[in-house]
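Chemist: Each protein sequence line maps, in turn, to chains P and Y. Each residue of the first sequence is one higher than the last, beginning at 1 in our numbering. Each residue of the second sequence is one higher than the last, beginning at 81 in our numbering.
Watch out, some of these pointers could steer you wrong.
SDA-like mimics (lysine to any residue), calculated; alpha carbons at most 25 Å apart, straight line [as the list claims (entries may be wrong)]:
| # | chain 1 | residue 1 | chain 2 | residue 2 |
| --- | --- | --- | --- | --- |
| 1 | Y | Lys318 | P | Pro29 |
| 2 | Y | Lys152 | P | Asn43 |
| 3 | P | Lys49 | Y | Asn100 |
| 4 | Y | Lys357 | P | Val79 |
Keep in mind that the hints were calculated from the coordinates and are not lab data. Given the structure is predicted, the values throughout are model-derived calculations rather than measurements.
Single-letter residue listing:
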Amino acid sequence: MSPIHVPQPLTSFAAGVMVHLAFFALGVPEAQRLRELGVIEGNQIHVLKNGDTFVCCVESSRIALRREVAMNVFATPAVL
Amino acid sequence: MAKTDVHSKLKRVALIGNPNVGKTTVFNVLTGMRQKVGNYPGVTVEKKTGRMDGEVPIEIIDLPGSYSLSPKSLDERIAYDVLSGHLANEPRPDLVVCIVDASNMERNLYLVTQVLDLGIPVIVALNMMDAAEEAGLSIDLSLLSEKLGVPVLPLTASRNEGIGKLKYQIRRTDLSPAPERMWTLMSAVEVEIPALMQVLADEAPKVPERQRFIEVLQCLTSDTMLDYWTRWAPKFQKEVQLVRDRLLANKVPYQQAEVIGRYGWLSPLVAQVVTRKKNIGDASVSDRIDAVLTHRIFGPLFFAMILLLIFQAVFSWATPLMDIIESSVIGLGGAIRTTFPAGMATDLLVDGVVSGVGNVVVFLPQILLLFFFLGLMEDTGYMARSAFIMDRIMSRVGLGGGSVVPLLSSFACAIPGIMAARTLANPKDRLITIMVAPLMSCSARLPVYTLFIAAFLPTGKVLGLITFQGLAMFSMYLLGTVMAFVASLVLKRIVFKGESSFFAMELPPYRMPRFKQIFWRMIDRSKAFVIRAGKIIFGMSIILWGLARFPITDPSPEIAALRISADQVFEQKVDSLSTLGVAYAAASEQIGIEMASKYRHIDAAEAGFQIEHSFIGKIGHTLEPVMRPLGFDWKLSAGIVSAFAAREVIISALATLYSVGDVGDDSPLLREKLKADTYPNGDPVYTPLVAVSLLVFFVLALQCMSTLAIAKRETNSWKWPAVMWLYMTGLAYLFSLVIYQGGMALGWG
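Construct the entire structure; sequences and hints are all you get.
Modeler: Next up, the structure:
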């Protein structure tokens, strides 16, 4: 198994997984909003819920994303 | 002289922080109950200020919760405008206290670094230290203070811990401005900054030297800020535009330069300062509650139950209070009439002023209850979940979850609903929400629905369960809501096409409601509503009174003859009394009762004649040809015009037109009069079909001066209120036309 992962959309990770944020395929203002919420490229986030809606844990806060938004945020599994 | 100096030097301290960091709690502890809520000039964003007592009182300003100073929502724009001194009559604060959630440092400190760049003295208060400790975080406060170059204080405001030290720091007079910027932008952008700062300094020398950098940066990354300078420093604005174009041509992602730069400095800093003892991401209490409340099936179910409860409260619990207010208004009017001599001034006082004020105050119980429930949802953290649960459904009609609360509030009244829309970050979403909010059936439509449904629709039950009238009432609400969704879809598709809406929000931890805070917020908001809407409704009531009262017309010969004959009868009867002797008292009472009812009838006929020939009657007659195709005669047309002040005014207007005296929506007298009214050819004016046509007209038409006024304030132009009025009234006309003409064609008339 290669340790190098290709970034995948957030929606492809199961709940409970820790991921490493790679890049956003979003418009500038949208990406800016995410970063202000603490969802920043390079940070690790914890996937809490991945279904109709998407919830993740950033530091100690919970951020909810519309599924379409989560699909455009790319991440790799975090190396623990 | 010395005295005024002290006064003008009242220290101004601004509180700023992310949403849900306990900023309001800090504000309350610092100021006690010495608070005041107003508005920032030109916008309806709440301006909360308070006094911190002491030898020298200090003014504390509570700024709206913001994630950053780069303006996205109206709230954030205000935060930046206040801190940068962009607002007229709002000098820059002397000190900024940044409230930071200790358990979420990196994101919270982002805002702090922006505030530092303003060059004002700054204190950082790390709030919710208890929660941070529970989460297993340990924070090196002195290291953080050293790195940021400003005082850092630990705080647990909810338990009053650390407040004394914070107050002490706020009182200090020797605080120096925040240190110079310690982070850098990507070099391609950084090299452009000094020249732009120089242009700004030349053209707008009033901007403090230390503030120039952040002004340049804001202008570079935000279009709103760029627009701001078009007026104040056009050369600077042009220069920034040139730099933007150049950076774009060189493929420099300049709009992201700020975020990258700030986080690039912050992330290692936070890593140094914060040590984690425990694994984060363990399921907290909030997560366990969320497992149920945001569950894909139970979540919406629970939300529906909450809605039902709020509706129940707003529509039935408020009724007894509203009845009391209504009867006191009528009682007050009566008392004034008996105390003061009859005449124009008394009429103005009773029919204009008192009933005008009454029209506003009568909504207060509903407004208070609605604000109480909204406050409860906000304070417990459930509000964010409701937006989250509804987002999926709302996104299908072109809106986001954030529009749920504004639209729900509009069931009580469109005004607080439209105001609630200002928390939406996406301006397009906000505008669409404002545009469709008045389609939700507000409480002012309720009395109109009640009167016409009770009078003209059959009683009976559907399937032996629900009354036909109840179903009709429900249909009115449903029609309004469905049309609001259709309208937002159309607006999204046609007016704002190509805009994808976006939903990302924080779900704050649940907490126990703090009733004292909810109570005061409810009072503050209701007060603001009464003052804002009250002025307009009050003014309109007086204008309408004038329109119905003038020009003064002599009663028709028939009515005049009635009065003369009544006077004669009265005189005869009084004369005959003198022969009675002992039975005098009983007989005179009998005559009194008889004549009073006769005179009431004549008074009412005179009032009816007067109003038919008044301006409003003339307007009704003029409009009749346009309104006839909908089934409305001149009286209804006049009623609809008068309903423009406030919808429920149509009932008192119809009562005057039908010469019935004081009535409520369930007045049997008015109902009977309406039913008995006929056209000259003998056809009834009101048929069930006319009633349905009128009901639908009221569901869809925008007959509310106050809504237009508030929409003007919130959108800052008359364009959107005009579009709103045209499309809603057009829709109302079209629907009523189709219903009435269709019904007639089918032979239901």
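Chemist: Are there hints from earlier that the structure breaks, and if so, what are their numbers?
Modeler: Per hint list: zero violations.
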